[in-house]
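The listed protein sequences derive, respectively, from chains A, B, C and D. With our numbering as the guide, the letters of the first sequence map in order to residues 1 to 116. With our numbering as the guide, the letters of the second sequence map in order to residues 1 to 116. With our numbering as the guide, the letters of the third sequence map in order to residues 1 to 116. With our numbering as the guide, the letters of the fourth sequence map in order to residues 1 to 116.
One should not assume that every hint holds.
In silico lysine-lysine, DSS-like type, Cα no more than 30 Å apart, as pairs [unchecked claim]:
#, chain 1, residue 1, chain 2, residue 2
1, D, K94, D, K5
2, D, K64, C, K108
3, B, K108, A, K108
4, C, K56, B, K108
5, A, K56, D, K56
Hints are computed from structural coordinates only; laboratory data are not their basis.
Protein chains: 4
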Amino acid sequence: MSILKDSALRQSVLDFRSARDWEQFHTLRTLSTALAVEAAELAEITQWTPDADLAKRSVEARGKIEEEVADLCILLTYLVHDLAINVDDVVRRKLEANGAKYPVDRFKGSFRKYNE
Amino acid sequence: MSILKDSALRQSVLDFRSARDWEQFHTLRTLSTALAVEAAELAEITQWTPDADLAKRSVEARGKIEEEVADLCILLTYLVHDLAINVDDVVRRKLEANGAKYPVDRFKGSFRKYNE
Amino acid sequence: MSILKDSALRQSVLDFRSARDWEQFHTLRTLSTALAVEAAELAEITQWTPDADLAKRSVEARGKIEEEVADLCILLTYLVHDLAINVDDVVRRKLEANGAKYPVDRFKGSFRKYNE
Amino acid sequence: MSILKDSALRQSVLDFRSARDWEQFHTLRTLSTALAVEAAELAEITQWTPDADLAKRSVEARGKIEEEVADLCILLTYLVHDLAINVDDVVRRKLEANGAKYPVDRFKGSFRKYNE
């Protein structure tokens, strides 16, 4: 039911916020916008990188990538906590829906899905 | 080390992709861009909602919110798998860094952080 | 046919790029991603701002807002130039389509459009 | 001082909004978020496209690209109107700042800028 496997760590993330009384600033809107901002910062890392240099870029920007991933996970932890979303449940449902939408026999190795 | 608590579910997410030979389409760039697109779709849900209507909006758009959260978690699962990022580790480090940056005594209930 | 009214200025924007041989880095993908990154930076300005403080925020962040708007206009200038898009034409068509979709008598002052 | 060259068209964009009494829904926050959402939709068009297929993709997705560009220009028209931003002025200033930051002799053909 959580983004973070270690439930003690998950609690630390929630405690960080409550120690600062910051729940008052967190709503579906502010958390969603913050997620969009952090995801854009992650996309910024490769925005000018040609395909051929992506592997090298992943290595040299490792620290920055890890920070953005951490920010996304922290924000998601707050969002699913506040809305009482069971992450495993919603992922399970989405995976089933995607399985029906993209059957293996028609979409194996196919780029079509992506470009329609 | 994972976004999803249930390691069998995490494996299902990875199996979904390998059954379709879709690893070839996943790079730091495509996954980052996809995360930015999904996060923007989440932000879209409240883009015209005034503060006073956010609680109501969370309820009426529940299904859509859950789908976007699922998409974000699935994409993050691929990203941290492919880059061998230990989510718990990077979150722990980020939390420590944030703790130093925003000490409780100076930032308790304070909006300043957010607006400078 | 342009984002910028002053055609000499529009030419300066294009000259800035060609003087540095940067056309080679500009594709539909890199320019689109850059637009998404800059727009997210604009959204970041108000991400934690409650509705009641938006007017004040517009004033105190004026310089930052102007920079982001400039970045968006510069990127759009490159994009429409490279794809030979006639901005006035596409806006005219979109306005007509929106007029049909949101007739005045049904959507006057209505928030419905935004929340369905 | 405008995104759109044709001042009659610019007026039509503003009239579209006032005919529907929609100014009340437009703030720095809602317009910024809408810009981020539309820019993400533009980025979505090439999110799975390899570099080698970008030219083909530009052609086949022409209609969609034009719609997103139109949406961005319409939103920018509202934003610069509401904040009384002189687009040509802010672009001119930004271009000067960028010129100082990226002198031609050091950045000609250089990818460095993009990856530091």
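Which hint numbers does the structure go against, in order from smallest to largest?
3
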